[in-house]
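Q: Whenever a hint applies, use it, and build me the whole structure from the sequences.
All the letters of the sequence shown, read from the start, carry residue numbers 1 to 273 under UniProt numbering.
Check each hint, because a few of them may be wrong.
Taking lysine to aspartate or glutamate and the EDC-like style, the derived pairs with C-alpha atoms no more than 20 Å apart in a straight line are [claimed, not checked]: (1) Lys13 to Glu47; (2) Lys264 to Glu249; (3) Lys7 to Glu93; (4) Lys272 to Glu257; (5) Lys272 to Asp156; (6) Lys244 to Glu257.
With beta-carbon atoms standing in for the labels, derived distance ranges [stated by the list, open to error]: (7) Phe137 to Glu73: 35 to 41 Å; (8) Gly72 to Gln192: 36 to 42 Å; (9) Phe21 to Glu63: 27 to 33 Å; (10) Glu257 to Asp3: 29 to 35 Å; (11) Val6 to Gln42: 18 to 24 Å; (12) Ala253 to Ser149: 40 to 46 Å.
Calculated from the structure, these hints are not laboratory results.
We treat Cβ as the ideally placed atom computed from N, Cα and C, and that holds for glycine.
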Amino acid sequence: MTDTEVKLENCRKAVEDRIPFRPRVAIVLGSGLGDFVEEIDQKAVIEYRDIPGFPVSTVAGHEGRFVFGYAGETPLVIMQGRVHLYEGYSPEEVVLPVRLMRQMGADILVLTNAAGGLREEYRPGDLMLITDQISTFVPSPLRGANPASLGTRFPDMSAAYDEELSMLIRESAAECGFTLREGVYLQNPGPQYETPAEVRMFRELGGCAVGMSTAVETIAAVHCGFRVCGISCITNAAAGLSHKKLSHEEVAAAADEAAPQFRKLLLEAVRKM
Numbered sequence: 001m002t003d004t005e006v007k008l009e010n011c012r013k014a015v016e017d018r019i020p021f022r023p024r025v026a027i028v029l030g031s032g033l034g035d036f037v038e039e040i041d042q043k044a045v046i047e048y049r050d051i052p053g054f055p056v057s058t059v060a061g062h063e064g065r066f067v068f069g070y071a072g073e074t075p076l077v078i079m080q081g082r083v084h085l086y087e088g089y090s091p092e093e094v095v096l097p098v099r100l101m102r103q104m105g106a107d108i109l110v111l112t113n114a115a116g117g118l119r120e121e122y123r124p125g126d127l128m129l130i131t132d133q134i135s136t137f138v139p140s141p142l143r144g145a146n147p148a149s150l151g152t153r154f155p156d157m158s159a160a161y162d163e164e165l166s167m168l169i170r171e172s173a174a175e176c177g178f179t180l181r182e183g184v185y186l187q188n189p190g191p192q193y194e195t196p197a198e199v200r201m202f203r204e205l206g207g208c209a210v211g212m213s214t215a216v217e218t219i220a221a222v223h224c225g226f227r228v229c230g231i232s233c234i235t236n237a238a239a240g241l242s243h244k245k246l247s248h249e250e251v252a253a254a255a256d257e258a259a260p261q262f263r264k265l266l267l268e269a270v271r272k273m
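A: This is the structure we're talking about:
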């Protein structure tokens with residue numbers, strides 16, 4: 001077994017007797033979006049710090065725990081808080097939770113994040129369905145020895161975001177009565193925000209929103225067999241598109257303001273999965 005497989009197996013053994021059911025859908029909640037867990041029928045909680053060798057969230061707004069419960073009839077496992085490359089974790093550590101949720105039994109992954117808007121028409125509070133991604137600026141979590149038990153050496157990323165799941169999110173947005181943006185998400189390593197010159201480059205590459213998570217998780221998720229969909233909460237205009245200085249406090253405040261709309265959309269979509 002590779003080091004990755006050993007660490008993953010140790011984490012699985014540590015939680016297997018505490019999982020109340022086999023989840024169908026896994027959800028990763030981004031900055032300011034953790035309150036979604038209040039919308040579900042909760043059955044169990046596992047703190048990250050109680051899992052030996054598991055990466056622990058260090059960022060404000062990321063609680064650092066798995067929450068198990070139901071949205072309607074759909075059994076869920078939810079990451080209330082994620083870990084990031086900028087916290088000092090390796091790409092392999094960042095995607096360990098995704099791989100663990102796959103081993104719990106989930107086969108659909110819903111990724112959410114707070115992101116900066118790269119388009120003038122995007123406003124704080126907008127929700128954007130992720131249709132594709134750019135991960136060129138962050139290291140792949142699949143570097144090094146490939147554990148065959150997790151997936152193929154060279155996974156196809158031509159349809160990383162599942163069209164059927166994306167259609168469910170579109171339908172749910174229409175039923176909730178609000179406009180859903182759609183576009184390409186770009187991950188930057190952080191923790192510094194992007195410069196105006198970088199933002200101009202990202203726009204030229206086709207990016208619509210930029211953040212510090214998600215893309216590496218999608219790579220690992222596709223690699224291990226998840227069907228993936230994603231939603232970005234636009235919390236600010238990226239550098240150079242606004243006269244305001246960027247701050248984590250601004251991001252968190254905008255995410256809090258958009259949270260009711262986000263929770264409504266996510267709950268409606270997940271019930272259909």
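Q: Run through the hints listed earlier and report the numbers of any the structure violates, in increasing order.
A: 2, 4, 5, 9, 10 and 11
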